[in-house]
Amino acid sequence: MTEKYNMPDERGHFGPYGGMFVAETLIPPIQELNAAYQQYLNDPEFIAELDADLKHYVGRPSPLYHAERWSRELGGAQIYLKREDLNHTGAHKINNTIGQALLAKRMGKTRIIAETGAGQHGVATATVAARLGLECVIYMGAVDVVRQSLNVYRMKLLGATVVAVESGSKTLKDALNEALRDWVTNVDNTFYIIGTVAGPHPYPAMVRDFQAIIGREAKQQCQDQAGRLPDALVACVGGGSNAIGLFYPFIDDSSVKMIGVEAAGDGIETGRHSAPLCAGRPGVLHGNRTYLMEDDDGEIIETHSISAGLDYPGVGPEHAWLKDTGRAEYVNITDTEALEGFHALTRMEGIIPALESSHAMAYTMKLAPAMKKDEIIIVCLSGRGDKDMQTMAQREGIEL
Amino acid sequence: MSRLAATFEQLSKTGRKALIPFITAGDPSPDFTLPLMHAMVEAGADVIELGVPFSDPMADGPVIQRASERALDHKMSLRRVLAIATEFRKTNQQTPVVLMGYVNPIEAMGYEDFANAAQRAEIDGVLTVDLPPEEAEECVALLKVRDIDPIFLLAPNSTDERIKKMDAAGSGYLYYVSLKGVTGAGHLNTADVETKLKQIRANTRLPVAIGFGVKDAQTAKTVAGLGDGVVVGSALISKIEANLDNLERAKIEIVELLVAMRQAM
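So the sequence lines, in the order shown, correspond to chains G and W.
Numbering-wise, our numbering comes out as the position in the first sequence, counting from 1, plus 929.
Numbering-wise, our numbering comes out as the position in the second sequence, counting from 1, plus 542.
If you are wondering where the hints come from, they were derived from the structure by calculation, not from laboratory data.
Here the structure is a predicted model, which is why all the values come from computation and not from measurement.
Just so it is clear, CB atoms sit at the ideal spot from N, CA and C, and this is done for glycine as well.
Careful, some of the hints might be misleading.
Unchecked claim - Example chain G residues on the side facing chain W (calculated, C-beta under 8 Å, incomplete):
id: 1; residue: 945
id: 2; residue: 948
id: 3; residue: 949
id: 4; residue: 951
id: 5; residue: 953
id: 6; residue: 1097
id: 7; residue: 1099
id: 8; residue: 1106
id: 9; residue: 1109
id: 10; residue: 1113
id: 11; residue: 1225
id: 12; residue: 1227
id: 13; residue: 1229
id: 14; residue: 1233
To be verified - A short list of chain G residues far from chain W (calculated; beta carbon distances all over 12 Å):
id: 15; residue: 986
id: 16; residue: 1012
id: 17; residue: 1196
id: 18; residue: 1200
id: 19; residue: 1304
Stated by the list, open to error - When the alpha-carbon atoms are kept at most 27 Å apart in a straight line, the in silico BS3-like pairs for lysine-lysine are as follows:
id: 20; chain 1: W; residue 1: 722; chain 2: G; residue 2: 1099
id: 21; chain 1: W; residue 1: 617; chain 2: W; residue 2: 632
id: 22; chain 1: G; residue 1: 984; chain 2: G; residue 2: 1148
id: 23; chain 1: W; residue 1: 722; chain 2: G; residue 2: 1034
id: 24; chain 1: G; residue 1: 1099; chain 2: W; residue 2: 617
id: 25; chain 1: W; residue 1: 632; chain 2: G; residue 2: 1099
Based on the provided sequences and hints, a complete structural model is requested.
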């Protein structure tokens, strides 16, 4: 790559992907959002407020932790964990919600809506809404409401209204549909905080820019601790916001391999998975063109993953572009393998990862032994596992 | 001249407004759609909007969502909707048929294959909710060379600039979504619609059909006084939903509602 990476174009396209595929009612608010975003992106006052919040409220910078014992055990590359699990609310999601909420406030919006899968984005949104005194409504698939009941309780404590979505497959994609319906109806006073690098332009670029702090910090920290760039980056990919956040500042560093890990659920060959980049094809959903899980007729099919946060039939359009251009590689990890990653990190390093992040851990267990001992992998530990205790206990037949 | 243009011209000559029922193809089962289309024409429909079911109908309210789910339960698909339209054309050469849906089933078929298939099925217009003109260039070009009208939506918050853009990209008619929200929602504010229609007329010469919020003969009459056509969807589909155990009754109630609307308009 000789030219500097400069995506998307001004209409939000990453090659054939991305764009603005929405009903007409949403065009004006999206244009308004884009204008505000472009304005504040370069506004020193906005940036200063965001930086101060990230430092004092979120607790950034998050550590880059050298997992020495685990690296030794695996016998290959040195593994460094980017500790997004240590952020306020326990995941990387708040990097983005803080940014979008500050934008909402400047745009004079009084009501915040969001969709959520695992509940981490919902919690992160309810948190910033509470802090800024904004009304907050969170849409969540009815299936996810059950399997992530702790997060539902957290959101309610924070003052949010949680709406259980009963349509379709009752998971993340349906929550997104419902949030879009709310937005169409209440465009005048409502700001929609999308939690991942999907949706219509400018969301994929905007969420990426807010999450890119992960990669910027990691790059500097790696330089400080190891004196050089890493050899590989590994992150789980559902919508793909923690992965893009880590990857983006390294895109022009061609020596750094970037690997996104999708959820293979019961296994790609069973069809019960959430891996559109590995096993899907391009189409249009939720405002952008990207890889999708769909049938021959273009109907979206149900996805499966043990982790609610990866249980989504699409993926951010920038990942689609990075896949096609070969700049990033996308692999997949089954539920069973993810659980091995979960246990390994917990027992080796005393860190309980979220089931989403466990997919990245599981792939790291395959990758590290094949690399040299002086090579470096940075793995995004996107969230902590507290929210998954019920799921884990149930899966392992333990009553809490 | 396209069948849609001819229809609106004919209506305009006689001072009538177009009655445009929307139904989801395959709701509640594939066999029901074709006879219902013919019955609606007899009841006074001037154009039929045939909904192509989609798994994720983001711009639709619960009534049309459920219609989509019922149709998909019977494996209804874009190909099968085109087959129904083909059958309809065998005995009806006059009434324009407009496909209405989301872009992904069209992407899955491929734009060119879709345009060819729509031409063979003698489809008159295509309205794709989530394909604004900015993203529609390729699709619009393929449709227009086949004399199929691309139909675009206008919303209460559409600016002059947007309306001009729709006027340039679209043909047949423009569909004004009369309220902010999803299909089947809320109440119509007649004064707002009237003001908006003045702005729309100033920026386009295409006929304007008005939908969202048309529930009965009274609202149909009011809306007919403002635009060139009245679209009614959720109110019809509610009749199907209320009579799933007696579809003959559903058809009778739909016909009665359309007849009442036609008379009131």
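Results of checking the hints against the structure:
Hint status for residue 945 (chain G): violated, given a least beta-carbon distance of 11 Å to chain W, over 8 Å. Here the hint on residue 948 (chain G) is kept, as its CB sits about 5 Å from the closest CB of chain W, short of 8 Å. About 6 Å separates the beta-carbon of residue 949 (chain G) from the nearest beta-carbon of chain W, less than 8 Å, and the hint is met. Look at residue 951 (chain G): its Cβ gets to within about 6 Å of chain W, closer than 8 Å, so that hint holds up.
At about 4 Å, the closest approach between the beta carbon of residue 953 (chain G) and any beta carbon in chain W falls short of 8 Å, and the interface hint on this residue holds. Taken as an interface hint, residue 1097 (chain G) checks out: its beta carbon lies about 7 Å from the nearest beta carbon of chain W, inside 8 Å. The closest approach between the C-beta of residue 1099 (chain G) and any C-beta of chain W is roughly 12 Å, which is over the 8 Å cut-off, so the hint fails. At a threshold of 8 Å, the smallest CB-CB gap from residue 1106 (chain G) to chain W is about 5 Å, leaving the interface hint in force.
With its C-beta approaching chain W no nearer than about 5 Å, residue 1109 (chain G) sits inside the 8 Å limit, and its interface hint holds. Look at residue 1113 (chain G): its Cβ gets to within about 6 Å of chain W, closer than 8 Å, so that hint holds up. For residue 1225 (chain G), the shortest C-beta to C-beta distance to chain W is roughly 7 Å, which falls under 8 Å, so the interface hint holds. Interface restraint check for residue 1227 (chain G): the shortest CB-CB distance to chain W comes to about 3 Å, inside 8 Å, so the restraint holds.
The restraint placing residue 1229 (chain G) at the interface with chain W holds, with a minimum CB-CB distance near 4 Å, inside the 8 Å limit. The beta carbon of residue 1233 (chain G) is not positioned within 8 Å of any beta carbon in chain W (closest approach about 16 Å), and the interface hint is therefore violated. Once the 12 Å rule is applied to beta carbons, residue 986 (chain G) is consistent with being away from chain W; the minimum gap is 33 Å. For residue 1012 (chain G), the requirement that its beta carbon stay farther than 12 Å from each beta carbon of chain W is met, with the minimum near 35 Å.
Taking the minimum C-beta to C-beta distance to chain W, about 23 Å, the non-interface status of residue 1196 (chain G) holds against the 12 Å cut. No Cβ of chain W comes within 12 Å of the Cβ of residue 1200 (chain G); the nearest lies about 16 Å off, and the non-interface call holds. Annotated as non-interface, residue 1304 (chain G) keeps its C-beta farther than 12 Å from every C-beta of chain W; the closest such distance is 41 Å. Pair hint residue 722 (chain W) plus residue 1099 (chain G) holds up; C-alpha atoms about 25 Å apart against a cutoff of 27 Å.
A C-alpha spacing of about 24 Å is found between residue 617 (chain W) and residue 632 (chain W), which places the hinted pair at or below 27 Å, so the restraint holds. A C-alpha spacing of about 18 Å is found between residue 984 (chain G) and residue 1148 (chain G), which places the hinted pair at or below 27 Å, so the restraint holds. Distance check on the hinted pair: residue 722 (chain W) and residue 1034 (chain G) sit about 23 Å apart at the alpha-carbon level, within 27 Å; holds. Our distance criterion of 27 Å between C-alpha atoms is met by residue 1099 (chain G) and residue 617 (chain W), whose separation comes to about 20 Å.
For the proposed pair residue 632 (chain W) and residue 1099 (chain G), the alpha carbon gap of about 41 Å is over 27 Å, so the pair is violated.
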